[in-house]
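Undergrad: Which chain is which? The protein sequence lines are C and B, in order. Taking my numbering, the leading residue of the first sequence gets 1, the next gets one more, and so forth. Taking my numbering, the leading residue of the second sequence gets 1, the next gets one more, and so forth.
To be clear, the hints were calculated from the coordinates, so they are not data collected in a lab. Please note: incorrect hints may appear among the correct ones.
No farther apart than 25 Å at their CA atoms in a straight line, the calculated lysine-lysine pairs in the DSS-like style are these [as the list claims (entries may be wrong)]:
1) K185/B / K262/B
2) K190/B / K233/B
3) K84/C / K116/C
4) K185/B / K235/B
5) K109/B / K84/C
6) K311/C / K251/C
7) K160/B / K190/B
8) K116/C / K192/C
9) K118/C / K185/B
10) K162/B / K130/B
11) K235/B / K262/B
12) K139/C / K239/C
13) K118/C / K31/C
14) K162/B / K80/B
15) K235/B / K118/C
16) K235/B / K190/B
17) K251/C / K139/C
18) K233/B / K116/C
19) K233/B / K84/C
20) K84/C / K185/B
21) K84/C / K139/C
22) K80/B / K116/C
23) K235/B / K116/C
24) K130/B / K109/B
25) K162/B / K118/C
Not close to chain C: a few residues of chain B, all C-beta gaps over 12 Å, as computed [stated by the list, open to error]:
26) C24
27) E61
28) G87
29) P97
30) G113
31) R203
32) A232
33) G263
34) G266
35) V308
36) E349
The C-beta atom is built at its ideal place from N, Cα and C for all residues, glycine as well.
Here's the letter readout for the chains.
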Amino acid sequence: MDRVPVTVLTGYLGAGKTTLLNRILTEQHGKRYAVVVNEFGEIGIDNDLVVETDEEVFEMNNGCICCTVRGDLIRILTGLMRRKGRFDAILIETTGLADPAPVAQTFFVDEDVQAKAKLDAVVTVVDARNIEARLADSKEAREQIAFADVILLNKTDLATAEDLDRIEGLIRAVNTSAEIHRTRNSVIDLDKVLDRGAFDLDRILAFEPQFLREGHVHSHNDDIASISLTAVEPLDENKFNRWISSILQSKGADILRSKGILSFVNQDDQFVFQGVHMLMDGDYRRPWAADDPRISRIVFIGRNLDVPALKAGFEACRAA
Amino acid sequence: MPPEFGTFEDEIYADRLPASRVDCFPQAAGIVALALGASDTLAVALDDGRIAAGSALAPAELSAVEVHDGVSQALAAGPKGGFVSGGDDGRAVLLGPGGALTELLPAGKAWVGAVAATAAGGLIAVASGKVLRLFDAAGTLQGEAPPVATTITALAFNPKGKRVAAAHYGGVTLWYAAGLAGTPKALPWKGSHVSLTWSPDGRFVVTGTQDKELHGWRIDDGVDMRMSGYAAKVKSFAWSADERWMACAGSPYVTSWDFIGKGPMGRPPHQFGASEEFLATHVAAHPKLPVVAACFEDGRIEMGRFMVEGQVLLKEVGGGLPTGLAWSADGGRLYMTTEDGEIFVVDLEDLKVSAASGKGKRR
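Let the sequences and hints guide you as you build the complete structure.
TA: If you want it as structure tokens, here you go:
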């Protein structure tokens with residue numbers, strides 16, 4: 001059975017999340033959605049199946065201090081799955097203050113959710129007028145951008161072109177690998193938001209344009225940044241596994257997301273992985289194409305990233 | 001006293017049941033839950049929100065009633081016949097033996113995530129979000145507890161039906177059922193508790209946790225027990241007829257813990273299971289004999305005997321993902337339901353035990 005795709009919508013109240021949600025629901029695409037909301041905003045939601053939930057963030061006892069899950073989502077997603085065949089996809093609208101990590105980790109941790117549902121993408125809607133202020137004063141706003149696979153830079157009609165370029169730079173400083181779309185009234189082709197497969201190992205390559213850009217940018221005000229590293233020489237699988245495990249074990253609380261496409265020595269297939277905090281999923285996927293440069297790429301998004309140490313550690317994974 | 005074992009002993013490890021002993025009764029919709037009730041009645045919750053109920057002897061002739069605008073999230077046999085169901089529409093009902101519906105809770109915002117009933121106490125417990133309510137066997141509200149801190153995930157009465165336990169994040173809360181009066185007793189343990197069972201001797205409460213472990217409390221002295229090593233959350237428990245063994249699903253093996261004396265601490269569990277690949281989804285203990293049946297993700301049903309190696313195959317691989325497993329009261333039939341809407345009935349005439357003798361029928 002195909003797993004039901006789940007799209008998570010984040011963003012501050014007033015950014016345009018509910019507008020986007022209603023666009024998704026009313027567009028003629030023939031798909032039926034179940035919608036999970038934390039709170040009813042000022043705009044109604046135009047759908048038959050809306051479930052309201054209280055955020056219940058639960059700690060796991062699995063030794064990962066940062067491993068929290070959304071107990072309410074586990075219950076609601078598995079409960080919704082009992083209505084077999086009555087919807088095609090699920091949209092989760094989170095509150096402006098919700099931490100995306102427990103939502104994403106829920107899909108890594110709970111076997112019932114994994115069996116029937118898959119996290120498709122985290123979509124973050126930001127308000128061009130006030131995102132600079134939010135980035136400066138709100139940990140949640142920074143984390144929502146750090147976790148995003150797709151970012152709608154919304155309300156572009158209320159900002160100048162220079163403002164937007166500057167804002168995009170600030171967003172890139174936090175998250176190098178997300179797709180950024182400039183929108184008004186959350187108007188966007190839905191195929192840019194839905195069915196992204198951003199958490200599918202098979203689809204990580206889709207983010208190649210941003211992904212390839214090596215480097216890192218420190219945002220001036222804080223803490224969360226992105227770093228991408230590349231290696232032209234093939235890597236040693238054992239060395240890499242030891243390194244990534246130890247990095248995620250020791251620094252996983254600070255590393256919000258990680259993903260990579262790796263070329264291991266004596267392997268014809270690409271190794272693809274991605275992680276949320278200390279949790280990681282990785283596997284061999286498709287073969288490297290004949291004309292494809294076998295470059296290993298890895299991205300970390302997090303706080304207090306020790307760039308020289310990460311770079312040195314990654315380079316030390318090269319096959320001897 | 002443990003009941004005596006019948007002629008079954010010699011057969012169990014020798015062979016498998018002939019396929020002709022398994023019948024399949026397809027329903028019009030997928031099945032999300034199964035319950036067997038008093039007087040050989042059976043109910044299945046269908047994935048379209050209806051509940052089909054009738055004689056367990058005629059699963060082809062169940063009659064379905066519209067119950068939930070959504071789907072049942074919890075189904076149990078009623079305290080004095082009939083069935084209780086709670087759904088994601090917020091509604092909870094008592095479905096009478098004749099098919100009449102008594103509404104316990106009207107549709108509302110909070111899902112009903114758990115129900116339980118006690119024949120001994122003549123009560124029904126319904127958890128709606130964080131709130132526990134008790135009803136008598138006729139469906140009249142008897143009490144409502146102040147909300148616990150997080151959503152209630154599972155409910156269980158003690159064997160006498162005098163106390164009721166609710167599992168939630170951070171442990172279990174125990175109330176005295178009489179009006180839910182008095183300060184409830186907290187059985188704390190960190191983590192999210194997702195399933196619950198109360199031992200038939202009344203001495204232990206055990207939960208399954210989000211962390212794929214079991215946590216147990218010895219109620220008299222509050223001693224904690226931890227049982228780990230599961231591949232998945234443990235959501236199905238079964239206590240042996242002699243009250244000694246607690247079997248559970250959640251791994252490719254059926255794991256049975258020995259609760260004699262002080263409890264299972266320091267004793268390895270008994271295990272059986274023919275495949276390492278597919279998880280046991282449900283376990284059900286024979287009502288009289290010391291055997292337990294289990295169904296697996298691949299549709300297999302196996303049966304094992306406590307303290308004895310091995311298992312017998314009762315149903316081959318096949319059919320949809322199991323959603324319920326239960327014995328008839330006489331132990332002569334075993335029922336399994338699936339997501340795909342099948343009711344499988346395994347004929348186990350050899351294991352039929354009359355209530356009076358407590359012995360297996362001789363061939």
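Undergrad: Could you check the structure against the hints above and give me the numbers of any it violates, in ascending order?
TA: Hints 7, 9, 12, 20, 21, 22, 25, 28, 30 and 32 are the ones this structure does not satisfy, whereas the remaining hints hold.
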